[in-house]
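Chemist: Read off the chains here:
2 protein chains.
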Amino acid sequence: MFFAVQFHFLLLKNIQIMKIIHTIKELRQWRQSVQSVAFVPTMGNLHAGHLALVQRAQSEAEHVVVSIFVNRLQFGQGEDFDRYPRTLEQDAAKLRDVGVAVLFAPDERELYPNVAQNYQVEPPHLQNELCGAFRPNHFRGVATVVCKLFNIVQADTACFGKKDYQQLAIIRGMVDDLNMPIKIVPVDTGRADDGLALSSRNQYLSATERAEAPRMFQQLQWLAEQVRGGNHDYVALEQAAAAELTAHGWQVDYVEIREAGSLNVARLGDKNLVVLAAARLGTTRLIDNLEFQAA
Amino acid sequence: MFFAVQFHFLLLKNIQIMKIIHTIKELRQWRQSVQSVAFVPTMGNLHAGHLALVQRAQSEAEHVVVSIFVNRLQFGQGEDFDRYPRTLEQDAAKLRDVGVAVLFAPDERELYPNVAQNYQVEPPHLQNELCGAFRPNHFRGVATVVCKLFNIVQADTACFGKKDYQQLAIIRGMVDDLNMPIKIVPVDTGRADDGLALSSRNQYLSATERAEAPRMFQQLQWLAEQVRGGNHDYVALEQAAAAELTAHGWQVDYVEIREAGSLNVARLGDKNLVVLAAARLGTTRLIDNLEFQAA
Numbered sequence: 001m002f003f004a005v006q007f008h009f010l011l012l013k014n015i016q017i018m019k020i021i022h023t024i025k026e027l028r029q030w031r032q033s034v035q036s037v038a039f040v041p042t043m044g045n046l047h048a049g050h051l052a053l054v055q056r057a058q059s060e061a062e063h064v065v066v067s068i069f070v071n072r073l074q075f076g077q078g079e080d081f082d083r084y085p086r087t088l089e090q091d092a093a094k095l096r097d098v099g100v101a102v103l104f105a106p107d108e109r110e111l112y113p114n115v116a117q118n119y120q121v122e123p124p125h126l127q128n129e130l131c132g133a134f135r136p137n138h139f140r141g142v143a144t145v146v147c148k149l150f151n152i153v154q155a156d157t158a159c160f161g162k163k164d165y166q167q168l169a170i171i172r173g174m175v176d177d178l179n180m181p182i183k184i185v186p187v188d189t190g191r192a193d194d195g196l197a198l199s200s201r202n203q204y205l206s207a208t209e210r211a212e213a214p215r216m217f218q219q220l221q222w223l224a225e226q227v228r229g230g231n232h233d234y235v236a237l238e239q240a241a242a243a244e245l246t247a248h249g250w251q252v253d254y255v256e257i258r259e260a261g262s263l264n265v266a267r268l269g270d271k272n273l274v275v276l277a278a279a280r281l282g283t284t285r286l287i288d289n290l291e292f293q294a295a
Numbered sequence: 001m002f003f004a005v006q007f008h009f010l011l012l013k014n015i016q017i018m019k020i021i022h023t024i025k026e027l028r029q030w031r032q033s034v035q036s037v038a039f040v041p042t043m044g045n046l047h048a049g050h051l052a053l054v055q056r057a058q059s060e061a062e063h064v065v066v067s068i069f070v071n072r073l074q075f076g077q078g079e080d081f082d083r084y085p086r087t088l089e090q091d092a093a094k095l096r097d098v099g100v101a102v103l104f105a106p107d108e109r110e111l112y113p114n115v116a117q118n119y120q121v122e123p124p125h126l127q128n129e130l131c132g133a134f135r136p137n138h139f140r141g142v143a144t145v146v147c148k149l150f151n152i153v154q155a156d157t158a159c160f161g162k163k164d165y166q167q168l169a170i171i172r173g174m175v176d177d178l179n180m181p182i183k184i185v186p187v188d189t190g191r192a193d194d195g196l197a198l199s200s201r202n203q204y205l206s207a208t209e210r211a212e213a214p215r216m217f218q219q220l221q222w223l224a225e226q227v228r229g230g231n232h233d234y235v236a237l238e239q240a241a242a243a244e245l246t247a248h249g250w251q252v253d254y255v256e257i258r259e260a261g262s263l264n265v266a267r268l269g270d271k272n273l274v275v276l277a278a279a280r281l282g283t284t285r286l287i288d289n290l291e292f293q294a295a
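Residue numbers (UniProt numbering), protein chains in the order written: chain R, 1 to 295; chain P, 1 to 295.
One or more hints might be untrue.
[Unchecked claim] On the chain R side, residues computed to face chain P include the following (Cβ under 10 Å):
(1) L111
(2) A116
(3) Q117
(4) P123
(5) P124
(6) R140
(7) A143
(8) L149
(9) M180
No lab work stands behind these hints, which were simulated from the structure alone.
For glycine and all other residues, C-beta sits at the position ideal for the given N, C-alpha and C.
Generate coordinates for the entire structure from the input sequences, incorporating the hints supplied.
Modeler: As structure tokens, then:
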């Protein structure tokens with residue numbers, strides 16, 4: 001009798017049909033019917049990096065909700081909001097295959113019914129540093145939509161990739177500072193065999209650019225190796241890594257060594273460091289980062 | 001048997017001991033042990049107006065949480081943060097008498113452990129109008145602390161007085177725009193027999209000022225009566241009401257007729273109106289408002 005019940009339960013779990021939900025109302029109704037939920041917010045066009053987030057989420061809760069929403073608020077003028085790849089059908093198939101409970105795919109009117117988002121989450125000055133210096137209002141848009149999604153999904157846990165390291169820091173800061181009842185789980189960056197960080201924007205790269213792209217991560221590794229080897233001239237190291245990229249046709253936004261927890265500018269004595277970079281190959285902007293320990 | 005159980009239940013309810021909780025952690029633990037919660041955020045120094053909020057909250061949920069926190073963020077320089085009356089013991093006694101489940105009374109370090117509140121909720125331009133024009137950053141501070149308290153208490157419902165009409169509008173806007181999972185219940189303003197709106201700040205008034213204070217509400221009633229009688233020269237009416245207060249020794253910040261739902265400036269054709277006023281008697285700033293229908 002006991003085994004029969006167990007077996008039945010497992011069977012039900014395996015044949016769980018993924019729901020695709022488009023409205024906040026329906027999502028809230030579903031939420032009331034389940035206990036623990038882990039959440040993975042995305043902009044779609046899913047790759048192995050996203051699926052690693054889902055896998056991690058599945059280890060955190062009984063049900064996983066993945067959202068797909070290309071958030072206009074976080075794109076600046078002249079950025080790729082319009083051409084950002086929208087591939088809902090293929091994304092849904094991938095999520096169904098890995099056993100996601102709910103794909104939440106609201107349209108713009110559902111999340112921004114007044115067109116303007118009148119109330120926003122305002123992050124501190126970090127929002128204007130690193131990528132924020134090149135993408136005005138980007139992190140305010142990220143924080144605001146994530147706040148909205150957290151309030152809608154009411155998950156116990158949310159998983160974010162370390163690929164977007166500054167985004168992760170801002171989400172963690174927001175959750176902490178606004179006492180949001182959710183646990184944030186960081187997940188390591190997925191990489192191609194040659195080291196290139198997985199990103200939806202990689203598909204914009206020409207074959208030549210794709211061959212060049214792994215140099216960014218190689219430079220981050222080189223820089224971390226230098227610091228671990230005792231070179232503490234952070235400014236010179238940042239400049240050397242940037243110059244190497246520039247020499248190979250990159251337009252570098254920044255290469256910066258920061259304290260990993262706060263993202264403050266790294267100072268001698270800081271142990272936990274991260275080096276972050278952003279640069280363009282042609283019209284495609286790539287970012288990456290690498291955590292490391294000072295010697 | 002049935003009656004016995006009923007009786008026992010009622011008895012338990014009546015002798016429910018109010019918990020006084022000072023930490024977020026303990027509040028969250030308690031929250032997990034109960035189902036429905038209604039929430040009344042306050043700055044303490046409780047009067048009959050607050051107790052009406054509590055009573056309304058009790059009709060909304062099984063358990064009522066009242067918070068008492070004098071929120072530094074919403075006080076400007078030169079305002080009465082330091083002299084704001086702190087009367088926790090008397091407040092606790094009042095709340096115990098009316099059967100509140102939890103009094104949540106965190107200290108400043110509990111809500112603002114980093115001293116600075118780095119992530120804030122930024123309301124739209126309404127925050128700089130009406131009272132906001134005279135109290136810079138006030139409504140950002142209100143929205144931010146209410147967001148934090150909502151995330152901590154995780155109530156199903158929260159009750160706010162109409163006395164702070166602009167505050168109510170901003171909380172409702174925030175909840176709506178950020179998709180917060182909570183229902184906001186507005187509660188009518190409690191008044192003394194002579195019409196003066198109940199307020200913790202009334203106790204700052206001298207006997208002479210206290211005798212003068214009801215004139216504000218009388219002017220609001222006069223103005224509403226004029227509009228209902230067909231006078232649609234809103235600007236002249238606002239000026240006349242302000243002049244009457246000024247003539248009796250008030251320093252008037254504003255008297256304004258607004259559309260009740262949006263708090264936009266009232267236009268001909270708007271049906272649901274509210275007239276709001278703020279003025280000082282001596283050093284004490286009083287506010288009041290009155291909803292009414294255009295003729």
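Chemist: Any hints this thing doesn't respect? Which numbers, in order?
Modeler: none
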